[in-house]
Amino acid sequence: MPLTLPHWSQDAALTLPRLVCGYFMAFDFGSQKFGMPWSDPDLNLGFFEVAFWFPNDVAEFGGPFALFPVFFAWMGGFSEAVGGLMLMAGFQTRLAGLLIFVTMLVAAFCQQMQNGYWNMLPALGFSFIAWYAMVLGSGRFGLDHLIAKKMKK
Amino acid sequence: MKYILSALFAALCISCVQPAHVQSVTFSLDAEGVPRGSIVAVRGSDRPLSWDTDTIMEFDSISNRYICTVKIVTGYKFTEYKYVINGGFESLAGGNRRLSFDESRRTIVVDRLNRH
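Protein chains in written order, with this note's numbering: chain A, 1 to 153; chain B, 1 to 116.
Looking at chain B on its own, in the form it has when it is part of the complex (with noise of 0.2 Å):
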């Protein structure tokens, strides 16, 4: 038994939390197929996202897309997310999107509204 928890101590003392890191993520949506005047925004596994909240995202009229950027802390290599039109999910067949994080830790996605 001793040698056991003489084990479990140097294991623990050698192995310990995950690092995390700042990664910058900035979303960016095509506005084709989003209603005029709708809020939109994005819902995520990662804080500051999260699926029940809001990260509202603002309309770029010169690339007509819907663009935000955010902060997250993680030790993932990636997260999911899912955009968001006036409250409601917008309808995306096989689940959630999920990004790769890029190893410069700041990664840009474009998406297209129901669309992987």
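Isolated chain A (complex conformation) (with noise of 0.2 Å):
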């Protein structure tokens, strides 16, 4: 049951950088390594696929991503492509949260941080706004909410 603030207008604040970081999750960064039906063409990636160079570039982040590069580079562009579908429809919004919330950590401390704090911003933006939709759910503006209150009745 996703919480609900006392006024809606809260709820809408909180809805559009939900909406804004589920597009950009969905629609691009994870379209380009996730083969999802909008994906570029000519990167020739089959649907649920991920991009041949994720797992090489995961194997680098060391310790267990080494041992299981492939899972890791999947569910890295699953939370980013599925997740950011499942963040803007604000459908299982609090899974979708965890599962951008981890996958931004991770690019933020394993692949971005030796560039430097000034990198880790995208990934850490993206991060706090998965933080709060794990917290509070879709609010009054996701599916989660209309099956709610369904449920309800």
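Derived by calculation from the structure, the hints in this document are not laboratory data. Keep in mind it's a predicted model, so treat the numbers as computed, not measured. Among the clues, some could well be false.
Within a straight-line C-alpha distance of at most 27 Å, the following computed BS3-like cross-link-like pairs (lysine-lysine) qualify [said to hold, decoys possible]:
| hint | chain 1 | residue 1 | chain 2 | residue 2 |
| --- | --- | --- | --- | --- |
| 1 | B | Lys82 | A | Lys152 |
| 2 | A | Lys149 | B | Lys77 |
| 3 | A | Lys150 | B | Lys71 |
| 4 | B | Lys82 | B | Lys71 |
| 5 | B | Lys2 | A | Lys153 |
Grab the two chains, each in its own frame, and use the hints to assemble them into the complex.
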């Protein structure tokens, strides 16, 4: 059950960054490395396929990422592309928030930190949005709210 | 929730990683407009090419062209590249050059400096 704030405008204010984050994840960052129907055809990605280069990049993070690079790469791509779509729609918002939050933390601390704090900002920004989506759920503006209302009846 | 996790696991099992293939690409650059004695190279987005380091091209006096062949391992249908003369990128309007790989996996591109 998503938490709703006292006034609808407060929910609307929190919906906007959620939509923007979900859009960028699903239709840009995610679809470049994870096969979605709207991925660029020249990328030659099959449906739900992770880009050939991504597991190699993930393996360079070391530790468990080097042991299971395909799994972590697939989960990262899925979290961005499908999690972003779920975040936009407000469907299973907390789960989508969790997927994106973890993926963005990995991106910030395992990939971008070596390039300086400034380069960590985009991933951290997305992780902050995913964080509040994880805590609050979709609010009034999302499928979760509609589903919860219907189940209550 | 368990249905979502089951669907996720099933999707992971049946999809996975995009297959990659070796694409042989021959870059052929017309020497016209290139100052004599220049170091001519190509840079690009897919290994062994890189945007930071030169892949040197050899001058072929018979064809009057600079030529090099690289093997790119990729799953994509295209790659992006640009020629470099004495360490400086060619001045090309509209960004990088882009080539589509031939289905035979052997692609030859014939270019002129500073022109698409």
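Hints, verified against the model:
no. : hint               : result
1   : B:Lys82 x A:Lys152 : 61 Å, violated
2   : A:Lys149 x B:Lys77 : 47 Å, violated
3   : A:Lys150 x B:Lys71 : 58 Å, violated
4   : B:Lys82 x B:Lys71  : 16 Å, holds
5   : B:Lys2 x A:Lys153  : 24 Å, holds
When each numbered hint is compared with the structure, violations occur for hints 1, 2 and 3.
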